[in-house]
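Asks: Chains as they are written, first to last, in numbering that gives the first Met the number 0: chain H, 0 to 302; chain V, 0 to 814.
Read the hints as simulated data drawn from the structure, not as lab findings.
Positions of the beta carbon are idealized from the N, C-alpha and C atoms, including for glycine.
Take every hint as true, because none was put in to throw you off.
Each pair of labels, with its calculated beta carbon distance range:
#1 V763/V with T240/H: 53 to 59 Å
#2 V763/V with Q234/H: 41 to 47 Å
#3 Q234/H with P773/V: 29 to 35 Å
#4 Q198/H with P773/V: 39 to 45 Å
#5 R172/H with L771/V: 51 to 57 Å
#6 L771/V with Q198/H: 44 to 50 Å
#7 A769/V with Q198/H: 47 to 53 Å
#8 N9/V with D261/H: 56 to 62 Å
#9 A769/V with T295/H: 54 to 60 Å
#10 A769/V with D261/H: 35 to 41 Å
#11 L5/V with T240/H: 56 to 62 Å
The following residues of chain V were derived to be distant from chain H, with all beta-carbon distances above 10 Å:
#12 A74
#13 R327
#14 W337
#15 D664
#16 L726
Reference excerpt, derived from the structure (chain V facing chain H, CB under 10 Å, subset only):
#17 K34
#18 M36
#19 R37
#20 F38
#21 S39
#22 T41
#23 F43
#24 T45
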Amino acid sequence: MPETAPTYRYLDAEALGRLKNLSLAARRVVEGFFAGQHRSPHKGFSIEFAEHREYTPGVDPRHLDWRVYGRRDKLYVKQYEEETSLRCYLLLDKSASMGYRSPEQKLSKLEYASFLSASLAYLMAFQHDSMGLFTLDDRIRERIPPRQGSSHLQLLLQKLEANQPGRETQLARNLHELAEFVKRRALIVLISDLFDDPQQIVAALKHFRHNRCEVIVIQTLDPAELTFPFDDITQIEDMETGREVTSDPLAFRKAYLDALADHLDQLKIGLRSAQIDYVLAPTDMAFDTFLGNYLTRRMAMSV
Amino acid sequence: MNLLGLTFLNPLFLIGLASAAIPLLIHLSRSRRTKKMRFSTTRFFTDQFLRSQRMSRIKELLLLLCRMALFGLLAAALAQPLVMPKASLSGSASRHVVVVLDNSASMGYVENGLSRLDRARSAVLELFDGFGDADRLTVILAARRQDGPRLLFEGLPRLREQYRLEPLGSAWRFQLSSPQRDDEWETAVRSLLDLQPEPLGTDLTAALTKADAFLRGKPQDEKHIYILSDLQVTGWNSPEDGQSPIARGSDASIFFVKVGNTRNDNIAVTGVQYSAPRPMVGVPYEIRPYLAFGEGRDAAKVRLVVDGKTQHETEIRKTGLSQFGTQRFKHLFDQGGWHWGYIEVEDPTLPADNRRYFAVQVLDSLHVLAINGSPSKQEETLDELFFFRLALEASAELIGSSPIRLNDQLSPNELPTRNLNDPALWEGSSAKGPNLVVLANVESLSTAAVEKLENYVDAGGSLLVFLGDKVNPAFYNNVLAATARRGGLLPGRLQSLVGDANTSTRYATIGEVNYDHLALGSFRDPKSGDLSRVGLQAYWKIDPGEATVLMRSSTGDPLLTEKSFGRGRVMLFASTLDRDWTDFPKWRVYVPWLYRLIAYLAQDTIGRQGFASTGEAFEVPIPAGEGSVTVLARKPQADGSPGGAEGYPVPGSESAQRLLFLDTDRPGIYQFRRSDQSEAQAALLAVNLDNYESDLTDLEAFFRQRKADDAQWPTPQAKTEAGLRDLLPGHLPEKIRYLSDPMQLTEALRESRRTFQLWNALLVVVLLIALLEPWLANRIALRHYGKPKEILDPTLGRTSLGAGRLIPKPPPRHA
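In isolation and in its complexed conformation, chain H is listed as follows (with noise of 0.2 Å):
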C-alpha cells in the first residue's frame, strides 16, 4: 500500500508484519509498546486491589472495603491498581535539514522518519496504547495530544501523510517548550537528525528525564550525511541556512567527518548520562530492519 495506496503511504504492511511477529515474542518485556504487560504507577479503581486508605468524606461510598469495617469498626476505601494504556509521545522533527536524500537514497531523512512514526503508531494502536504526535521545526507545529483507537491511527496517519520539510530547526528550544506540556510520565520518542547544538539538545532532553519521562532518540542521517562521498568541486547550499560554500569535498572530507564524529561522540556521551536511550538510523537501513534490531536489543537489556 506505501506506494499504489497515497493514504497511509508510511504504513508498509509487510514491515509492520514482520514487526508483528517480532511483538509477540517482545511484548512480555518490552514496557511501553504493549499494554496489559506494564504496570501503570498510578492507582486508579480496577480490579486488581492495591491497598487501603481511610475513607474521607466524598469519596465514593461503592469503593468501601466493609469486611474491614466489620474487623476494625473503621471505615475503609479499597485502592486498587490502575492498568493503563502507555502514553507516548512521538516527536518528529520537520526541520528543513530533515528534507535531505542523497541521489543514492529512495527516502528523505523525514520520510524515513514518517516511515518509522507509522510504523510505531501502529505498534501503539495494536497494543491499545495511547500515541501523540508532535512536528517541530522552528516551533512546535502539529500537536496531536496521545489517544487510543483506530480512529486516532488514521489522523496520525494522515498527518503524517502530509508532513513536508519546514523551516530552521530550533531543537532544543521546541523539546523544551514540550517538556513543560509532558507533565505525566509517558514514552517521548524523538526523531530527528539532530542538527543544532548537542549540549542544548541534551538539557532539553534531560528535561523530560526530571518529569521522569522515558525518551529514546533515534537519530536518522543520510548515509551521504555519513561518509560524505562527493569528490567534485561543489557550490554547496545550505538546507535550512540558504549558507553557500564553495569548495572541494575531497579536500576536507576528513575534516568534515571528524566533526560528524565530534557532534555524535558529544550527543551519545551526554545522552548516555541522562540514561536516554539513544540510536542512530541511518535511511539506507530498511526502517523494520532497523525497527526490529532495536527493539531486539531493548528485550535484551530488559533481561
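Starting from the structure of chain H, add chain V where the hints point.
Replies: Showing chain V alone in chain H's frame:
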C-alpha cells in the same frame, strides 16, 4: 642541434617533451567543474577547512608540476644536452690530448728547409709545454699500416719540475732540471723528437677512430684530438657504410690542423706501365713511367736503373695541359732469371715518392709445341710451319739465340701417345712441358688427343689454332668447339670459307684491332708494324659465340678470337699461318705479331708479377715449403736494393700454403726463397710507396673547390671546417675545428670550450623529483582520505551502520 643555447647530442628525444603534457591532460580530464548541491547542513564546514582546501589545490598544482617536470626533464636528459661555457687555458679542468700525428711519406715534404713533420712536431711540443699538471698527452701515428695506426706513447704528463723543454731553432730539446730522471718519460719524448717521416701512406680515418676509442672512459674533464697532418685528400677514407669514424656520443673536441701550405710542387713517379708481365731474353722490354708534375714544374730528369746500374737517363716533360708526363724506356734483358730496378725522378721536395721499384722474372726460353697439319718435306717453303720457324729464329740474329724453343716434330697422330710434360720433347732443356701448343692447319685429331689438349689447357696451358685448307670443319665444330665438352675448347665455330684461296686477289684486309688487349696493345704505335696492310685471300668465317674478338677483317668478320678454358687460354686465327691464304708472312709486322701472341699466351700461363705497397701485407710469391723446407725472406737494404735484414713470412688465414709478409714498412726489393734454394734463385718482389701518397691535394683545396659556389662560408677556412663537419656526421659540429696553421694551435686550445654535460644534472633533478612526487602525493592523499574518527553505532554496532559504509573506503588516489 642547438636550442636555447644548449646543444643536444640526441635531439630526437626532444619529442619526448610532449610527454610532459600527459599529466596535464589527465589533470584536465579529471578536473572537477563546480556543481551546485543542497546539503542538510553546513554546520560542520569551518573556515579552517576551506583554507586547507585552498592549500590542497596549491599542493595539487605542485604535484602536477612535479609530474610534468618529471616527464619533461627525463626527455630532455635523454636528448643529452650540453652547455659550452668558455673556459680558460689555466682553468682547473684537466685535459687528455691525443695528437694524431701524420708521419706518412708526404710529411717529408720540405718547405723552406723544414719538413712538414718538423713543423707538426714543433706544434705538438709547444702544446705539450703549455700543459697543466693534470693534463696528459698521447700521440698516435697516422701512417697507414697493416696492423692499424701505431701508438707512439700514451698518457704522458708534463714533468715540469724535472725537465725543461726549450725550442732550439726549428727543433726542440729537453733538459734535465732536477736530479730526478724518468726514463720512460725521456724515451717517450725522445721518440717524438726523433720521429721521421716513414715511406708509408696516410690513414687519418683509422687514426682518428683509434684516438676516439682511446679517449673513451678517460677520466679527464676535457678530451681533445688534434690531427696534425698535411690533410691529403687521399689520406681520408670515409667508411664505406657512410658511418662516421667517430663513435656516436663522443664528446671529444676534434681539431684538424693543416701543416704545410696548399702549394703542391712535387714531382712523383705515380705509375709505371710494363709491356708484359714478364720480359723474355732478347725481346725488348718496354717500361713506361708516368710522372705527376706539381704546380710550376714541367720537366724532370728520370733514370731507369736495372740491377743497380743506370741504363737510361732522360728528361720527361709535362704533356700539354695535363699534369702528367711519360716516356718509354726499352731494355733488353740478356739473361733469364730475376732482375730488379727502379725508375727514379730527381725531385728534392719529397724524396719518398721519387722512386718506383720493379722486379721481373726474365724468361730465357719458351717452349712451343707445334702440331703441323700440312708438313711438306719436298718443298720447304710449302711447309705450314716454314714462316713460323723463320719468325721464331729472327731474334737469334739479334741476341745470338732464340728464347723460344720449338718442337714441330710431333704429328697429329702422335699427340695422344706422347706425354706433353716429357722433357725429352725438348732436348737439353729442363722444361716441364710446353708453354704453348700451336695447331697449324690440322685436319682433325683423335678423341684422345683432344682430351689431352683439353686437360693441358684446363691446367693452365695455352693453345693457338691456325686454320687452313686441311681443316675439317665438322671436327672443329663438333669436337673442338663442342659445348658439351666442358664448354668447348675452340673460341668460335667455323661457318663457311670466304674468299678464294686459289687466287692472289685480296678478299679483305685486317680491319679493326683491339689495341686495349695486352697482346696487341703495342700495335697502336705504327712503329711496331702496320697490321692494316695485311691482305687475306681467304679465311673461315667464324661465329665467335661468347669468345672475345681481338681482330676483325675489313669486312667485319672475326679474325682472331680468344677464350678462357679452365685456367688456360685458347686463341683462334681464322686464316693460315703461312702464305696459303694470306700475305701476312711477307709483312714485317708478322714477326712481332707472332711474338706478342706467343709471349702473351705463354707468359700468362706462368703467372703475373705482383706489386705491393708499403704498409700493406702481400702474399709471398712462393708457396710455403714442406717438411723441413722453410721460406726465407729478406727485406730491402736502406737504398731499396735487395739483400737487407731478414724477415719472417706468416701463414695466411685462407691457407697455410699461402704465406703473407707483413713487415713492409720499407719500399724496395724483397727477396723470398725456399731454404733448399740458393740466393740467386730467390724470387723478388717490389714494394713501393702507395702512389696516392704523392697526391698532395689537401682537404682545404678539395672543399674550396667543392663548396666554391656556396656563399654560406666566405673563407676557405670556414668552407673547410664545414666540409670536415660533413665528414664526421653525428659528431657535434661545434666540436670540430679546422686550423690552417699549426701556430694557431695553442691559441685554439686557449679558446677551446669546455662542455658541461647537462644531462647528468638533469638526471639528478629527475631523481629528486621522483622522490618528492610520492611524498607530495601521499601528503595530499592523507589530507583527503585520512581515516576519520570512528562513528560508533550504539545500537547496531560499528560495522552494521550504513551497511558497513560508515567509514568509507577511500576512493582511488587522485592522479
